[in-house]
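Q: Here are the chains, one letter per residue:
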Amino acid sequence: MGRRAPRTTTLLGLGLVVAAAAPPASPQDPARLPSDEFAVVGAALETASPRGRIEDGVVLVRGGRIAAVGTRAEVPLPAGIPVVEARGRTLLPGIVDPHSHMGVYSWPGVEANSDGNEATDPLRPEVRAVDSVNAEDPAFPLARAGGVTTVMVLPGSANLIGGQAAILKLREGGTVDAMRFEGAPASMKMAFGENPKRVYGERNAAPSTRMGNLALLRRAFVEARDYGAAQDRYEAKAAKGEKDAEPPEKDLRKEALLDMLRGRFRLQVHCYTRSDILSLLSLADEFGMKVAAIHHALDAYKCRRAIAAHGAAVCTWADWWGFKIEAWDGIPENAALCQAAGVRVCVHSDSSEQVQRLWIEAAKMMAAGLPRPEAVKALTLNPAWVLGVDSRIGSLEAGKDADLALFSGDPFSVFTRVDATWIDGKRVFERDRR
Amino acid sequence: MRPASALPALLLLAASLPARAEETKVLLRNATVLTMAGDPIPEGCVLISGSKIVSVGRALPAPDGATVVDCTGRFVVPGFIDAGTGVGLVDIDLVKAANDADEGVVPSTPAVDVRDGINIESPVFGVTRSHGVTTVLVMPQATNVMNGRGALVHCLDGAPLAERVVLAPSGLHVSFGEPAKERFGKKDQAPATRMGIAAVLRKELERGRDYREKKRRYGERKAAPPKEGEGPPEPPATDPDLEVIASALAGEIPVFARAERLDDIRTALRIAGEFHLRLVLLGATDAWKIAKELAERKVPVVYGPATGQPETMETLGARMDAPRILHDAGVLFGLMTGDAHNSRNLPYQAGIAVSWGLPEADALAAITRDAARVLGVGDRLGTLEPGKEATLCVFRGSPLEPLSRLERMYIRGREVPLRNRQTELYEKWKDR
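Line by line, the protein sequences are chains A and B. If you read the first sequence in numbering that gives the first Met the number 0, its first letter stands for residue 0, the second for the next number, and so on. If you read the second sequence in numbering that gives the first Met the number 0, its first letter stands for residue 0, the second for the next number, and so on.
You may find that some hints are simply not true.
[As the list claims (entries may be wrong)] Here are the simulated SDA-like pairs of lysine to any residue, each with C-alpha atoms no more than 25 Å apart in a straight line: (1) B:K185 x A:W327; (2) B:K95 x A:G200; (3) B:K429 x B:R418; (4) B:K427 x A:W327; (5) B:K24 x B:V53; (6) B:K95 x A:M210.
Keep in mind the hints are simulated off the structure, nothing from the lab.
Work out the full structure, taking the sequences as your base and the hints as a guide.
A: Pasting the structure below:
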């Protein structure tokens, strides 16, 4: 590889001109280009921060983090720093998809690739999505090409408790361990409504009704509580030095359930109808749990104040409806109505196709009344909060990870494409414009 | 040509309207008129009389009694046509009681006609209209080899089906590749392979050929002077399945062949050649691989969904710029969503194709003019020209953009309310 002059290099075919900021500086180390230190200059910034939108902005990246964000006047460019000229384009924080099955339902969708539902028992809190993820799912690079930088890969919704989520940064490299979002809190997938009762009801097993759903969950949590009490008793005895103290037999399932009760999991609950959402919130209250997000939530608009009071977010589509009874009352205004009531709303995909174009879904939510800055947050900061990583990603602010998505134009246009995506300051996608 | 079966529909329409309605005149004024039959007309007008467009141009005078609609800053476009849907057949996918798309219980069901399965009260029609889709090809689900007959219908509420029909039957639907294999192979029944599918199809077409031949010979005998001592010739028994196949063999209806993988497309072309069928490829993931050949052989394509992905074994060749490749090669194609509830997203699919290189005017054509041509109704629908049906939309903003708003819709000259089940739910809950 020859040395690359830092002055006016075109990054592959993209037309992103990398220019060194004046005055001309000493030659850059090509290895540092552009991942370690660079600036995106001239784009409109949709910051998802209190600064909102910044025209003709600068984002300075250093060491994988955002070092500075502002207008040209506010952010002086260090001499010789490689510059991505982005005039006329829009820079967003990397998109966060809070509901993905990439990797656990790898393409092509054949039985051999079906690893998302451990539908062998309706309560499976001990399984971990990370153990099913095929990091070579061809959907991952396509999601990067859609500006997506972080996803929550969830087990499916066949089970009342489906298992533990995998929070992944879509880093290149091909191993799930390299993709794991280090330090992200744990999340647990649950499902209410039709799916668990259909999957088990068709086998003549429990649960086969909604009341069965709730009865099984209650019993599981009560047993976990007893298990925790037994542990506490043992620890108290052991602390007193009682020699005959015996710990309860280790049970990974009950451990996980107990951790749910103790708030060690963020609860991610698949739940559609008004009555199911209200059942969920009252079960959570009954056991002193907090729901992080209600997923799909097509009826959320009918009980948006109760959701806001609980503090749960809503992760939903712009306009999916009608594919089953519990999706019958879905309306495009769902996100807008919830947001206006004080609920954090997120665009989610639940689809390896839709994840590639989430901004179009956000645009549809805007068309139905969601204000533009909220549409930006619905793609970025709000899902980051759902994952519990909003202090790390989700907005263009100094100190956050340099996860960025550069759009060819207005990010809420169907004619727009993502030109480039960065994760931790490393370019992971660049559009071939031929 | 309008088939005889549409005649009662016209009579009904005439009967159900007040006599004067035929002369109702509407002038849309000051719009950017995207005629799809030439350049856009800035500050243009469209004059509607009754169910037809009577003139299109700049500064048309308003005739006496005409309703004048100011469309300053608006676009007027032909109503969008989704060239493949389950609208009206599928209200709720997972509820068998509300899903009448799938009659694939045996490998061949050519006599099945979607008109007999459409729920005319389906709220999906109203929702489908919400961003400009006026007209949908309703097709039986492709779970067997010969699926049955489709129909092209307008998304009208309340009207009897006959009043909504644009063309029925619009064609015979057949299916290659995974679905039939999956359906019957799993039960250890034929067809379990692609060669099995082709064998079923050939057998059916041969039966249809024999049937036609029998009918032809009967016709000859009947026309000939009776032989002494013999009564009139015995007519062959009527078989509703074979009637349909015979009409496809006679070229009276086209054959829509759902085929994704290249070898399936090739099999469709081969069999269509053997039996001289009027072939339309549908789905057609891999059509881009032989786009030039399809253009040369003048095989029209219903492509879609335009957001199709390499998500199954037979769609590994999916690429987002396939519509651009088909266009560049000169293939006549329309777009389909292949869906019921998401048919309303058709214009966005066309817009996404633009972001992947398809010129905007051609993307619009793929859901108007060209879709109409592919479906055989280009003489009536798909452009804004005098004599065409007044089925059109008024948009604020680019018609392909989600942030644009559909302001008015006319189907056959009548303004259609944009109310639907979802707007009603919104009204009910917005202030609670």
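Q: Looking at the structure, which of the earlier hints fail to hold?
A: 1
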